[in-house]
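Trainee: As a plain string of letters, each chain reads:
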Amino acid sequence: MFKKNRLFVSMLGFILLVLAALPLAAQQQKPKCITDCSCDMAGRVVDQLTQEPLPFATVQLKGSSVGTIADDEGVFHLHNLCDDEFDLVVSFVGYKPVTHHHDLYHNDPVIYLSPEEAQLESIVVEGRQMESGMASVTATTIGPEELENSQGERLGNLLSRLSGVTTLSTGQNVVKPVIHGLHSSRILIINNGIRHESQNWGAEHAPEIDPSQVSNISLIKGAASVKYGPGALGGVIVVNPPQPQLTAPLSGRAGLRLQSNGRAAGGTLLLQEGYSNFAWLAQASGLFQGDLHTPDYNLTNTGARELSFSAGALYHRRQLDLRAHYSYFQQKLGILRGSVVGSLNDLAFAINNEPPAYTSGFSYNINTPNQEVLHHLLKLDGSYTFHNSSLDFQYGFQLNERQEYDVRRGTNNQLPSINLQLLTHSFEADWNHPAIGNLKGSAGVQLQLQDNNNIAGTNTTPFLPNYNNLNLGAYLAESIQAGETIFDLGVRFDIQQSSVRGRDQNQDIFRHELNYSSITASTGFLKPMNNWSTIQSNLGLAWRPPNMAELYSYGKHETVIEYGLLRFHEGVSGVFSQAERAANSELSYKWVNTYSYQRNGTTAELTAYVNYLQNYIYSKPAGITVISRGPFPFFIYDQTNALLAGVDGSFALQHNNLWESALRFSFLYATDVKNNERFLGLPANRIAYTLAYKQARLGKFSNFTAGLEPSYTFRQYLAPPVITPAQLLESAGDDTEIFATAENGFDLMAAPEGYFLLNLAGSIEKGKLTYGLEVRNLLNTSYRDYTNRLRYFADEPGRNFVVSVKYNF
Amino acid sequence: MKAAKNIFSFILLLLPFVVLMACSDDDDVPALENEEEVISQVTLTFTPADGADALTFDWTDPEGPTLPVVDPVVLQANTEYDLTIELYGPNGENITEEVQEEAAEHLFFFGWSDQLFDSPTGTGNISNRSNTVDYGDTDSNNQPVGLATTWTTGEPASGTFRMVLKHQPNIKSATSTVNDGETDVDITWAVTVE
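Going line by line, the protein sequences match chains P and A.
First residue of the first sequence: 1, per our numbering; consecutive thereafter.
First residue of the second sequence: 1, per our numbering; consecutive thereafter.
Worth double-checking, as some hints may not be accurate.
[Stated by the list, open to error] Some, not all, of what chain P presents toward chain A, calculated at C-beta under 10 Å:
#1 357
#2 358
#3 422
#4 454
#5 513
#6 563
#7 571
#8 600
#9 604
#10 626
[Stated by the list, open to error] Reference listing, derived: stretches of chain P covered by chain A, where coverage requires no fewer than 3 residues with Cβ under 8 Å from a Cβ of chain A:
#11 341–347
#12 398–409
#13 461–474
#14 502–508
#15 591–598
Derived by calculation from the structure, the hints in this document are not laboratory data.
Yeah, the Cβ is synthetic: ideal placement off N, Cα and C, and Gly gets one too.
Bound-form chain A, shown alone (with noise of 0.2 Å):
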């Protein structure tokens, strides 16, 4: 018993200068990561059919409680349009490809303004899943995702735009509504056809 005691002090005596050590000062700074969790930005390319120049729309969120800035869209009247959705975070980071890569679980859903467009007709798949919307892509599943799709404008109009990205994994289906799943992005352009 007479050893274990002295073994005890010991340590006890060691003790403060272990700690001494292992609580030297450090001045690590947080390390910069890579933002993939916020989009701060959205680009819209519509690409006309007939090989004229593309026109890009930019919705873009500063820091802090402010509102976006957000680029009126103008098109053409009586065109037909290939339109590419891009995201991005903060830095640049290029949030598409994370929603492509998971294409099985994402789905873009369009709702806009009555006689904006000719073709699709209607007012898109947002108030209800089975109103047409010519998506251009496909996921493992064969089911739409959105990043692409394409839109012929009518006579001269005004109106809203509004598209909805959900993250639906495991319930994305051909009847998966805007209402399951959670929102990645949820925004609404003013469009002028001119």
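Just chain P, same shape as in the assembly (with noise of 0.2 Å):
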């Protein structure tokens, strides 16, 4: 089937060729309006903090007296101009300057100008990014200013920010986001435009981005985002790095940070500089962190150690921009001692002792079991802007590799015992095109190659197989402005093929051709109310094929026992094909509305979800099997069909010019619509309240901020029933009663109570330096969180003080 393929691929090869010498062919022809002096452009001023219009700033063409003066709006416009390309300089009294290069093909340009006694630079935007490509499709974003001030956090526990997000944890240092209560193979990350792709379908796998090395992050609510291909079900999180500006000095960043709970010190570096069409950025951060602690004990081997790099550079030629970025990961987690367990004895003894067993004093060493992950991610990408349309292309090239080590006798445990490496190439084009009057849209092809490989010595048999995967996409997305509103459809098809070889139970190697493919829809509309609040309603159809551990997981792996779609059959343990047991993809009906509010200081975004997903693919309980460590309860993925529904909310109020504060909740409900089940590990609800102080001048020193943040979490409500590992030990052999109330699942101990949690943060710059102080968990509460799968074993960690200085050049 593979073959076939080829010269399929060699055909997309040929066209990729054809787009990347498009931009050479085509004679760079002058427009017009460079003949006769008729070129214009406009643009915005506005003050970067409080995002309110600059009215009467200077706007001057760099190296000429051509300038205007923007108008009580902060809007200005340019005429008359005989040049489409030309470095424009805005200024305003009190604020920094800042020197743009702008073109005519490129949009109308948002500059935003920072306070002189601002650490932030003066910056430009060229037109509003919209993530999703659609307007209907509710997206939040975390800006630069507050990724700075949360630097040294996990990834997941960064995007906990957004309303919406929370996380899944395997103790402190491996953190999952999830959205509206989905997450692993249910949610798409785009990294740098690229589909991040890794080892995502299990638990303990957080993906493998430096949010150090990350300036903005948007995440997209809505089920269906066309651009980005299958596996959208519960949202896309879009992850940008900091992008080469033109024009722009040498300048750079340089941070240090240390933090008093793990010990741990970590650093970030920053380059970057642009000349009129050439730009170039680098960076580079580390992470060395030992044992993390409770309030009461010490979390043997939980340290961690953190190195990173990336470098990009723009070149830009008038129409043409030509974009290369590398980025490198590498991480290396400890995982608690305390949580390996052998047996349910060992387990019931570890839920009813504290502190875990194996607890000694502070150490940096990281022992097993722990994790050591790599990614390097490689973009090339180009962008050609014709006179009312565009084109864009790119390539990426994306190498993961995972090695999970276990305590294990010997030898072995200086072995892995999971050693992956996945491989991904990935093509991209797209063509905005002109519009027809109202009607603006975009098309593009997506092609993904894969192949995903077990490297051998890990003397133990691998569950997950070999596979190549192929995958094709092709999209189109159009929105239509009628009055204010503006109406969006998106439709999208997909094919996987995937071609694996395994080996089962008798060590046999069997092959298996999947073939998978399905429509993804989105539609809905985007309505301002009056000039302060808008209305976003969205429907969307998304999927995704069932992924390769849902589909082949087999037999004893640590403490689980468990066969996939493919394995299981009829109570019988094997190899099925498709034609013997059928798989599925996953369908989900996601129906997003979003209220948002802003005026006068006070902004409000109220989001409602349903979301139904047929095919829903869950592991369930299915009887207690005996092996040589004694009786295990063993588990069968199944399909089911879910309805998750929620509301997530924020409110935020400027209350005066120095206090402003914000109030941000979710709220999850979650059922199988089928067996009228509850699921387990839904994130349970949780509200946060943020007070902030800020003070642009406080004697020598610059904007003072201090903020205050209690949240509380509350007990999980949707618990799914309580079954102990002592119960199971006493129903061995008779398993049929015990699970007869628990279908989809049970958990081995009640879901722990609600908490009260209290951070504290502050900062305060003096030249071009910047000092923080924050206070995580300031009341050293002991706690265990729902979704953290280690809360059977030890409480989460205790206070911690976290200090960190800037230094910008």
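Make the complex out of the two chains shown on their own, each in a separate frame, by following the hints.
Mentor: Structure below.
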């Protein structure tokens, strides 16, 4: 099957080649406005901190006397220009001036000027980026300012600042984002414009992205983002690193942070420079962390190491932009030693005893269990802007290596028990077509090729097969403006072919060819109610094929005994073809509605959603078996229909010049529609309040900020029934009764109590230096989190002082 | 700058070819691994001290979520036996050797029905570590291991015999209990003394 695709792949390669050559072949004909000096442009100048317009700002064409003054709304126009490319110098009294290289092929710029006493540099944004490509899809963003103040956090924790995002963690080092109750294969992460491809099926596999190399993050709450392909059932997280800027002098940023809990140190360095048609950027960062501790005891073997670097370059030539970006991320994460158990008896003992087994004094050492991951990303992309349309093309290469080390006997302790290598190539071409009346839109094709291999030498039979994937997709996204309202419609079709090679229980080789295809669709509208509020509504259909773990998991792995969809049928384990055992794609029908309000210092956003998932894949208990380590429950993958619904909201109020406060909350409900049962591990509801004080001048210092963040996480009220290890041991051999009321799953202990946390943060600037102090878990509260998979063994970390210093140059 | 542009364009032109070569079809299957993780067979060998034929009993766990096949243990009354325990992986890999190599981190605990044995008396060291078990082997720290033990049956009786192998890296001691470390083996046999 895969062989036949070769011809097709070659054809696509050819198309890409033509695309790559196109900008060279196309003569760079000069637009007519140059010859008759009739070029013109417009832009807007705003205060970067308050987003208020800056009336009467000065705009000058560099090296000439041509210039203008913005109107009282901060809007300016330049007419009768004799070139399509020029440098603009924008200035305003009391603000940092900025030089911006502009050409007429890009969107009208918005110039964000930064007050002179502020650390932030003035920046220019060309056109509002719409990550989803659709106006009706709700998107929220964490900007550079907030990101800078939260460095050193895991990406997952950082994302949980967005309302609607929660976390699924394994201890404190491995943190995955959860969008509206869904995670792993059910959400997409787009890193620098490319689907982040890793072993994301595992609940203990966090995204391999360094948050200190990110300049902004957007969350797309709609299910169907036709631009990005299958998998966006819960939503899409778009992570963008800083981009090289033209005509920017050599500048940089260095940061150092120290953390009391874990006695950790981390550093980042960024350098960038831009000429008139070339710009570059380079970044490096690292983290060295020892054992964390709870209020009462040390968490042995929870150290971490991280190292990452990246470099990017931009080449600009009139209508053509070419970009190259490479990033490298390496991580070694310790997992709590006391979380390793061999049998139900061990587990029963661990649940009832604190501190966990093997607890010892503080150490920087990382022993087993731990994970080592490595991620390379190379991206080459370009865009060519025609007079009224543009063409974007990109190639991405990703290499993801994952090694997991368990506590094992003898020399095997030094061998990984999981050792996987995933290679991904992706090709993409998008065309923003010329507007047809009020109709605007884009179309594109994407091809992704993947090769996943087990690296030999683990001394344990791999449960994930080797496979090659081919994914081909094409989409069309259109929007039409009628009055103030924007309607949009997106359609996409994908096919995915997989060639799978694995080993069955007798070590015999099996081969499967899998084919999945489906459409993705999205439609909705954005309607401004008045000058200060809008309503968005989007209905989407998304899908994903079952992942390899859901299909092929089998047998005994640590304390989990699981059988994938194609490994267990009618009470018997083995290898079954799709003809024998149906394994269907998951389909998601998600309806998202958002009301946003922004007026007189008050901003509010309220999102309500319903997500119906057909063929929802989950693992359910199927009985209790006995292995050499004693009785164990075993689980089989199955499909059902699920309903998730929820509300998340944020409300921010500017009390006066100095004080502001914000409230965020999320509420989620989920049920198995077929069996009327509850699912395990749904994130608990949460409410958080922030009170912030900001003062521009404080003696010799500037930009003093202080904030207090109390939050309350509720006890999970939708937890499935509890079956303790002792009860499981008792019913070994007679297991039909015990799961009768827990068909969808059970929990080994009750959901932890709700908990109250208090965080404190402050920062102050002097000259080019910014000092920060943060205290997390100020009250040193002992608590456990429902979605931490290690909550059976230990508490969450206690009080943590974080001190940071940043230097901008 | 002109040169840089041309080089960049050239690389871009070459790219599809490089990529096509890089992702040529492969058909590699996962290598055959020497399974050393899963213990799927445990063999008990009771050798009478009087030189009579040794008795062997197997516990085997077939693939899949099925119950293991356990030989009932039948011993002669009033007889002293040397017991050796052997562990195997699903394809006959000998895991006993690994335990031996790491003897300082491993310990077998035993628990049995009262009256099953004349020596040692009692019910074993699972319920209480200080109870007697006649270990016949020691590790480098002079602590028992339990791959070799000695048992003397009494009058005819029947009951259960449970053995728990614990992995106790850095924590194995004269007082470490069945609750310390990770369980590698936890098997209960039905025993008849006749």
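Trainee: With reference to the structure, classify each hint as holding or not holding.
Mentor: Here is how each hint holds up against the structure:
With a least beta-carbon distance of about 7 Å to chain A, the hint placing residue 357/P at the interface is held under the 10 Å criterion. At about 7 Å, the closest approach between the beta carbon of residue 358/P and any beta carbon in chain A falls short of 10 Å, and the interface hint on this residue holds. With a cut of 10 Å, the hint placing residue 422/P at the interface with chain A is violated, because the nearest CB-to-CB distance is about 13 Å. Proximity of residue 454/P to chain A holds as hinted, the smallest CB-CB distance being about 4 Å (cut-off 10 Å).
Using the Cβ-Cβ criterion of 10 Å, the hint placing residue 513/P at the interface with chain A is not satisfied: the shortest such distance is roughly 12 Å. Interface restraint check for residue 563/P: the shortest CB-CB distance to chain A comes to about 7 Å, inside 10 Å, so the restraint holds. Restraint check, residue 571/P versus chain A: the minimum CB separation of about 9 Å is within 10 Å; hint holds. Contact between residue 600/P and chain A, as hinted, is not supported at the beta carbon level, the nearest pair being about 50 Å apart and thus beyond 10 Å.
Checking residue 604/P against chain A: minimum C-beta separation of about 47 Å lies over 10 Å; hint violated. Here the hint on residue 626/P is kept, as its CB sits about 5 Å from the closest CB of chain A, short of 10 Å. Look at the segment 341–347 of chain P against chain A: 5 of its residues bring a Cβ nearer than 8 Å to a Cβ of that chain, three or more, so the hint holds. Coverage of the segment 398–409 of chain P by chain A holds. Counting CB-CB distances below 8 Å, 3 residues qualify, and the rule asks for three or more.
Look at the segment 461–474 of chain P against chain A: 5 of its residues bring a Cβ nearer than 8 Å to a Cβ of that chain, three or more, so the hint holds. Note: the segment 502–508 of chain P has 5 residues with beta-carbon separation from chain A under 8 Å; the three-residue rule is met and the coverage holds. With 0 residues having a Cβ less than 8 Å from any Cβ of chain A, the segment 591–598 of chain P misses the three-residue criterion, and the hint is violated.
The earlier numbered hints that this structure contradicts are 3, 5, 8, 9, 15.
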